[in-house]
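S.K.: Chains as they are written, first to last, in full-length UniProt numbering: chain A, 1 to 420; chain B, 1 to 420.
Be a bit skeptical, because a hint or two may be false.
For chains that are exact copies, the list does not tell them apart, and a pair is met inside one copy or across any two.
25 Å max Cα-Cα, derived SDA-like pairs, lysine to any residue [unchecked claim]:
#, residue 1, residue 2
1, Lys338, Val381
2, Lys385, Ser284
3, Lys114, Asp362
4, Lys311, Pro51
5, Lys326, Leu15
6, Lys338, Glu195
7, Lys114, Val67
8, Lys114, Tyr57
9, Lys114, Ile38
10, Lys114, Gln304
11, Lys193, Gln304
12, Lys217, Gly123
13, Lys114, Pro36
Everything labelled a hint here was simulated from the structure, so no lab data went into it. Here the structure is a predicted model, which is why all the values come from computation and not from measurement.
Residues per chain are reported as follows:
Number of protein chains: 2
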Amino acid sequence: MAETEKKGPNRRAVLGAGLATGALAAGMGRAQEADPLITEVQDWASSFGDPVDAAPYGTPIRFESHVVRRNVEWLTESPVSSINFTPIHALEGTITPQGCAFERHHSGAIELSKADYRLMISGLVETPMVFTYEDLMRFPRTVTTAFCECAANGGMEWGGAQLEGCQFTQGMIHNMEYTGVPLRLLLEEAGVKPEGKWVYVEGADASSNGRSMPLEKALDDVLVAFFANGEALRKEHGYPVRLVVPGFEGNMWVKWLRRIGVYDQAVESREETSKYTDLMADGSARKWTWVMDAKSVITSPSPQAPIRHGKGPLVITGLAWSGHGKIDRVDVSLDGGKNWQTARLSGDVKPKALTRFHLDIDWDGSELLLQSRAMDETGYVQPTKDQLREIRGLNNVYHNNSIQTWWVRADGEVENVEIA
Amino acid sequence: MAETEKKGPNRRAVLGAGLATGALAAGMGRAQEADPLITEVQDWASSFGDPVDAAPYGTPIRFESHVVRRNVEWLTESPVSSINFTPIHALEGTITPQGCAFERHHSGAIELSKADYRLMISGLVETPMVFTYEDLMRFPRTVTTAFCECAANGGMEWGGAQLEGCQFTQGMIHNMEYTGVPLRLLLEEAGVKPEGKWVYVEGADASSNGRSMPLEKALDDVLVAFFANGEALRKEHGYPVRLVVPGFEGNMWVKWLRRIGVYDQAVESREETSKYTDLMADGSARKWTWVMDAKSVITSPSPQAPIRHGKGPLVITGLAWSGHGKIDRVDVSLDGGKNWQTARLSGDVKPKALTRFHLDIDWDGSELLLQSRAMDETGYVQPTKDQLREIRGLNNVYHNNSIQTWWVRADGEVENVEIA
Numbered sequence: 001m002a003e004t005e006k007k008g009p010n011r012r013a014v015l016g017a018g019l020a021t022g023a024l025a026a027g028m029g030r031a032q033e034a035d036p037l038i039t040e041v042q043d044w045a046s047s048f049g050d051p052v053d054a055a056p057y058g059t060p061i062r063f064e065s066h067v068v069r070r071n072v073e074w075l076t077e078s079p080v081s082s083i084n085f086t087p088i089h090a091l092e093g094t095i096t097p098q099g100c101a102f103e104r105h106h107s108g109a110i111e112l113s114k115a116d117y118r119l120m121i122s123g124l125v126e127t128p129m130v131f132t133y134e135d136l137m138r139f140p141r142t143v144t145t146a147f148c149e150c151a152a153n154g155g156m157e158w159g160g161a162q163l164e165g166c167q168f169t170q171g172m173i174h175n176m177e178y179t180g181v182p183l184r185l186l187l188e189e190a191g192v193k194p195e196g197k198w199v200y201v202e203g204a205d206a207s208s209n210g211r212s213m214p215l216e217k218a219l220d221d222v223l224v225a226f227f228a229n230g231e232a233l234r235k236e237h238g239y240p241v242r243l244v245v246p247g248f249e250g251n252m253w254v255k256w257l258r259r260i261g262v263y264d265q266a267v268e269s270r271e272e273t274s275k276y277t278d279l280m281a282d283g284s285a286r287k288w289t290w291v292m293d294a295k296s297v298i299t300s301p302s303p304q305a306p307i308r309h310g311k312g313p314l315v316i317t318g319l320a321w322s323g324h325g326k327i328d329r330v331d332v333s334l335d336g337g338k339n340w341q342t343a344r345l346s347g348d349v350k351p352k353a354l355t356r357f358h359l360d361i362d363w364d365g366s367e368l369l370l371q372s373r374a375m376d377e378t379g380y381v382q383p384t385k386d387q388l389r390e391i392r393g394l395n396n397v398y399h400n401n402s403i404q405t406w407w408v409r410a411d412g413e414v415e416n417v418e419i420a
Numbered sequence: 001m002a003e004t005e006k007k008g009p010n011r012r013a014v015l016g017a018g019l020a021t022g023a024l025a026a027g028m029g030r031a032q033e034a035d036p037l038i039t040e041v042q043d044w045a046s047s048f049g050d051p052v053d054a055a056p057y058g059t060p061i062r063f064e065s066h067v068v069r070r071n072v073e074w075l076t077e078s079p080v081s082s083i084n085f086t087p088i089h090a091l092e093g094t095i096t097p098q099g100c101a102f103e104r105h106h107s108g109a110i111e112l113s114k115a116d117y118r119l120m121i122s123g124l125v126e127t128p129m130v131f132t133y134e135d136l137m138r139f140p141r142t143v144t145t146a147f148c149e150c151a152a153n154g155g156m157e158w159g160g161a162q163l164e165g166c167q168f169t170q171g172m173i174h175n176m177e178y179t180g181v182p183l184r185l186l187l188e189e190a191g192v193k194p195e196g197k198w199v200y201v202e203g204a205d206a207s208s209n210g211r212s213m214p215l216e217k218a219l220d221d222v223l224v225a226f227f228a229n230g231e232a233l234r235k236e237h238g239y240p241v242r243l244v245v246p247g248f249e250g251n252m253w254v255k256w257l258r259r260i261g262v263y264d265q266a267v268e269s270r271e272e273t274s275k276y277t278d279l280m281a282d283g284s285a286r287k288w289t290w291v292m293d294a295k296s297v298i299t300s301p302s303p304q305a306p307i308r309h310g311k312g313p314l315v316i317t318g319l320a321w322s323g324h325g326k327i328d329r330v331d332v333s334l335d336g337g338k339n340w341q342t343a344r345l346s347g348d349v350k351p352k353a354l355t356r357f358h359l360d361i362d363w364d365g366s367e368l369l370l371q372s373r374a375m376d377e378t379g380y381v382q383p384t385k386d387q388l389r390e391i392r393g394l395n396n397v398y399h400n401n402s403i404q405t406w407w408v409r410a411d412g413e414v415e416n417v418e419i420a
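Sequences are here, hints too, so could you generate the full structure?
M.R.: Set out below in structure tokens:
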């Protein structure tokens, strides 16, 4: 919070300034003369609720059953090598609950117990090692919050506005607080030989999903993580151990982590040649495009979160993130990018983690072309889709970090559109 | 993180320094010559796992079924007016998942839909108001992480070491990231009259659980919250709306928030007279003891989390918090308070929020008397139980923030003890 307060206008002053008149005018909080919910004693106020032993491990209330991961059947050939999407249109704050955080599997989510878990470190090391889960729990731990975004997030939008809902266009992302062992410590334990320059990481599932990364990254901020949002990783997020690679594309965050190989060069595996490379207009492919560039999206209003309350005070909220560090600023446009207003950054602004932004407006009921534009601490500005297409062409499905446009109609319904 | 790095020795240097020799000596990571988990292809590496449509909302893997809230049957007369405990011995990091965060109800957890929800502001205000859920969603929001601790956390320990497990001795606490409307904005909307000095908050459940707080606090950092850890509040945590009162005792964090009354004096309700006051040795009672003083506890090793791996590298981990602001330092003693070592603070250190600490030791297999001692940014130091008893006597059940002692035996088992 301290970070945010240093920049821009005083947050307290901005938060809610000038709201009073608009709110009353819109009928918000006007006492209802004969509202039985106020004047009558309700059932829930005159009987017992659930006891403390009702749910040893709780789940969402039935009224929230729409806030779930969803997949798109036509998107892939098989549901064991597919993706689902975080319901970001219905979430707030910055943490993504594990229960509705998107999944991407290459051969399905496997069930692997701690007793059966092994992690091998092999290749160009002084002492090849095999760690049990208990071994890993004896190494020093650290705690880091990071976003994990699939390289293909927004990928279906390269060719045009296609999917109705920010869950589907931008929901291949989640943000959790991880606890684990810095990969650096395990590599130091094994002793990387001077000729070791690359690390190859591999999962225990049938796909193995092997990826190469430079030794520098492996020694920097990569975690061998066991806990997410305070508790054990869920099965679908790699229980008992996954790799956390802050700022890098989700495919490298190997789940059910099985092996770490140290080599003098990259492996150039399937997952970093035929996949997860960016096919350019001229037929060449960009490789090693690991870092997720700065991006943002308005989560509400959005196609799955239309405006139902009519004109007057409207909360515009969304998420911003950058694989290069902290978000510095988010601007919001109501008119498709002609004019911009700076949004509030709410809560903590952490490097390589989701940042929540809010902008409070007095909606006059006219149509809007809503956009958000993120800037990160490197000075990078989130591009328009056309700016990105000019450089990258239309063959690619990965790394679409362009500005998303939502068309808010006068009736409050919202559509995914593209503006020329 | 930046906060922590400013203080004490460089974190990177400390994290894992000198580990290599001890780890290898203890057999950690020693390659297993004939381990079939390494040499044989396993079932999970040769078949498909779960598809992406297996669990629209996921729950913990079956191997973690012991990580749940637990209640103590003899503690209270009825489970609808009782407490359960967060399994803090099995968690890591700082976030508490809603699913296993402790519950305290005075008449059970009620089911209240957004459509049926109303919030009244009455009393000494210019315009009495009634807000629907949708009204509240149109006010400016902010995001805050805060711990919620029951005033009676540790209360059973006043008379001696009684409960085996830090889940039971210190588990009436959770820590979540909340999104909601500052109460200040709603009060400004209603317009507090000059004679209004206190705010009385009340829930929609049968107990109503009304509490008074000074207007200054209500205008400071109190939130009318709808989201916790990114998603809607769970039923048992006050869906759809609860009060978040950072640093203050949990009883004031009213769930299913129904009414906010502004008055010229405190109400002196049942919940702040016969309960939630501190009965002293002389029969008088301290009242308005709202703020939770600085406290810490080692979560592992602890009675429910014994040492199974024998001597050698051992991770000591725990939680620290203060209702007065940020945790400044946590010290750990292995010998019942004779000698102290400063622990690492891992991850973010936020005011009025749980802070994770770690200390890595090379355990020689001898008995330990483990203690942790928190210091907050005001300079306050967590007291011993005897220091606290000297001032507060033994009649009280609330606000026991004293140092907890765990006796680690040579076989790795851990007991809750008290040292003279």
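S.K.: Look at each hint and say if it fits the structure.
M.R.: Consistency of the hints with the structure:
For a Cα distance limit of 25 Å, the shortest separation of Lys338 from Val381 inside one copy, 16 Å, qualifies, whereas the shortest one across copies, 55 Å, does not. With identical chains, the CA atoms of Lys385 and Ser284 are at most 25 Å apart within one copy only, with a shortest distance of 21 Å there and 70 Å across copies. In this assembly of identical chains, Lys114 and Asp362 lie within 25 Å of each other by CA distance solely across copies; the values are 23 Å between and 53 Å within a copy. For the identical chains of this complex, Lys311 and Pro51 are neighbours neither inside a copy (42 Å) nor across copies (43 Å), given an alpha-carbon limit of 25 Å.
In the homo-oligomer, the alpha carbons of Lys326 and Leu15 lie at most 25 Å apart both inside one protomer (22 Å) and across protomers (24 Å), since each shortest distance falls under that limit. In this assembly of identical chains, the alpha carbons of Lys338 and Glu195 never lie at most 25 Å apart, being 53 Å within a copy and 48 Å across copies at closest. Proximity of Lys114 and Val67 under a CA criterion of 25 Å is satisfied inter-copy only: 15 Å between copies versus 30 Å inside one chain copy. Proximity of Lys114 to Tyr57 under the C-alpha cut-off of 25 Å is found in both arrangements, the shortest distances being 21 Å within a copy and 23 Å between copies.
Taking the shortest Cα distances, Lys114 and Ile38 sit within 25 Å of each other only across copies (14 Å), while inside one copy they are farther apart (53 Å). Proximity of Lys114 and Gln304 under a CA criterion of 25 Å is satisfied inter-copy only: 18 Å between copies versus 39 Å inside one chain copy. Neither within a single protomer nor between protomers do Lys193 and Gln304 lie at most 25 Å apart by alpha-carbon distance, with minima of 53 Å and 41 Å respectively. Only within a single protomer do Lys217 and Gly123 lie at most 25 Å apart by alpha-carbon distance; the minimum there is 17 Å, versus 59 Å between protomers.
In this homomeric assembly, Lys114 and Pro36 come within 25 Å of each other (Cα to Cα) only across copies, at 15 Å, whereas the closest approach inside a single copy is 55 Å.
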